[in-house]
Structures are given as structure tokens and as C-alpha cells.
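Between the sequences and the hints, there should be enough to build the whole structure, so can you do that?
As numbered in the numbering used here, the sequence shown has no gaps in its residue numbers, which increase by one up to the final residue, 198.
No incorrect hints appear here.
Lysine-lysine pairs mimicking BS3-like chemistry, simulated, CA-CA at most 30 Å apart:
id	residue 1	residue 2
1	K165	K138
2	K59	K43
3	K50	K32
4	K43	K32
5	K59	K138
6	K32	K59
7	K43	K138
8	K138	K50
9	K32	K135
10	K135	K43
11	K138	K32
12	K50	K135
13	K135	K59
Quick list of simulated restraints, FRET-style, between CB atoms:
id	residue 1	residue 2	range
14	R191	W36	26 to 32 Å
15	H132	G164	40 to 46 Å
16	V161	H60	40 to 46 Å
By construction, these hints were calculated from the structure, which means they are not laboratory data.
Since the model is a prediction, treat every value here as computed from it, not as a measurement.
Cβ atoms here follow ideal geometry from the backbone N, Cα and C, with glycine treated the same way.
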Amino acid sequence: MTGAILPFQTLYHRRQSLPTPLPLQCYVDDAKELSWVADIQIKRSTALDKSHLRGLILKHNPGMMPHAMTCNHTIILANGMTREEERFVAIKELMHCYFGPDGGGVFATNTEINFENHMNEFFGDSAAIESHQVKAEKEALWMAMSVLAPEQLRREYRQQVLDGKPIAEVATDLRIPIRTAAAFLSPQYEREISSILE
Numbered sequence: 001m002t003g004a005i006l007p008f009q010t011l012y013h014r015r016q017s018l019p020t021p022l023p024l025q026c027y028v029d030d031a032k033e034l035s036w037v038a039d040i041q042i043k044r045s046t047a048l049d050k051s052h053l054r055g056l057i058l059k060h061n062p063g064m065m066p067h068a069m070t071c072n073h074t075i076i077l078a079n080g081m082t083r084e085e086e087r088f089v090a091i092k093e094l095m096h097c098y099f100g101p102d103g104g105g106v107f108a109t110n111t112e113i114n115f116e117n118h119m120n121e122f123f124g125d126s127a128a129i130e131s132h133q134v135k136a137e138k139e140a141l142w143m144a145m146s147v148l149a150p151e152q153l154r155r156e157y158r159q160q161v162l163d164g165k166p167i168a169e170v171a172t173d174l175r176i177p178i179r180t181a182a183a184f185l186s187p188q189y190e191r192e193i194s195s196i197l198e
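What follows is the structure, encoded as C-alpha cells:
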């Protein structure tokens, strides 16, 4: 890295002094501060099966998508999720905006072939090397977790859980699914977010 502060790093450091939990709209407003994000809309779709795909973000020019998609970024969420799941999936999809104006270059699923390969890797039995797109999905997941609460509060929650507090209570406090709370408090989270922020 050249030493430049990347947009996600700015978001992460800003999050350290903000209250918890934040409404989803705060995350949307943060993403809209990026010069390449003009506007964002969030929609639900019965076409997505939440057991396979909980959400996705589309970057598109106005008029190039169905008439109901009037913004240049559209997050589509699967129907049938809990409010906590919807909120976290939307935050995770917003993290893709921080990869850059071109979707992170190699991270972008911007061609029919890239999209097909991405879906095959997610839903097929391929033992192929992890693609850039799957790497982006994983990074966006850890990034989304890192902006849920200040690091000091995350450490306090972790200690409370070690002392016997149920993870379900942490999940309720942060308005996230229990499995997300467990990952957020895990040693793996620390490794992953350190790698993303370096």
C-alpha cells in the first residue's frame, strides 16, 4: 500500500466514535459520501431464495435497469429474512461500494462470464482456486462486521461472553443475527479485519 487512506479505512475509524447500534440509513448515507456513489435504493425480491442468496448490489446507469430501479446502486434483498438479517445483509452489500468506482477492478462481477463463474463457485461443487469475486464477498462480510460497533465495545462484549453472557444478548444489542455476533467476537475476525485495514 502507498500509505494513502482508503475510503473503507476512513469509515472504520469514523465508526470508532459513533454510538451503537446505528440505523441502516446511517450506513447508506456514509456510502453516498463516496464520490462514485450518487444514490442507493434497497428493494426486496421474491426472486431471491434466502437459502441460496440473501442479497446483492447492482451498479447501473439510470434507465438501463427495470423502471423500478431509479438509483445508480440498487441493493436487492431476499424476502423472508428477519429484520436483523435484512439490516446486516444490506450493510454487507454496501461494503462493496468501498472497493472503488469500478467495483474493485478484479472484484467486479461485471461480465456475463464473471457472473456465471461466480455463481458456479458459490453453488457448484467446484474445487477451483477462490475467485476474486468470492474473495470480495468474504472481505465485504468482515468489513460489514467491523462497522457494527467500535472496537473497544467489541472487546468488552467478547469478555462478557467469556464471562458467561449469552451471544444471543450481544446479537440483540447490535441488532444482528446470532451467527454474525459469534463471528464478530471470534479470533478469526481479528485476523481478517487486521488484514483488510493494513
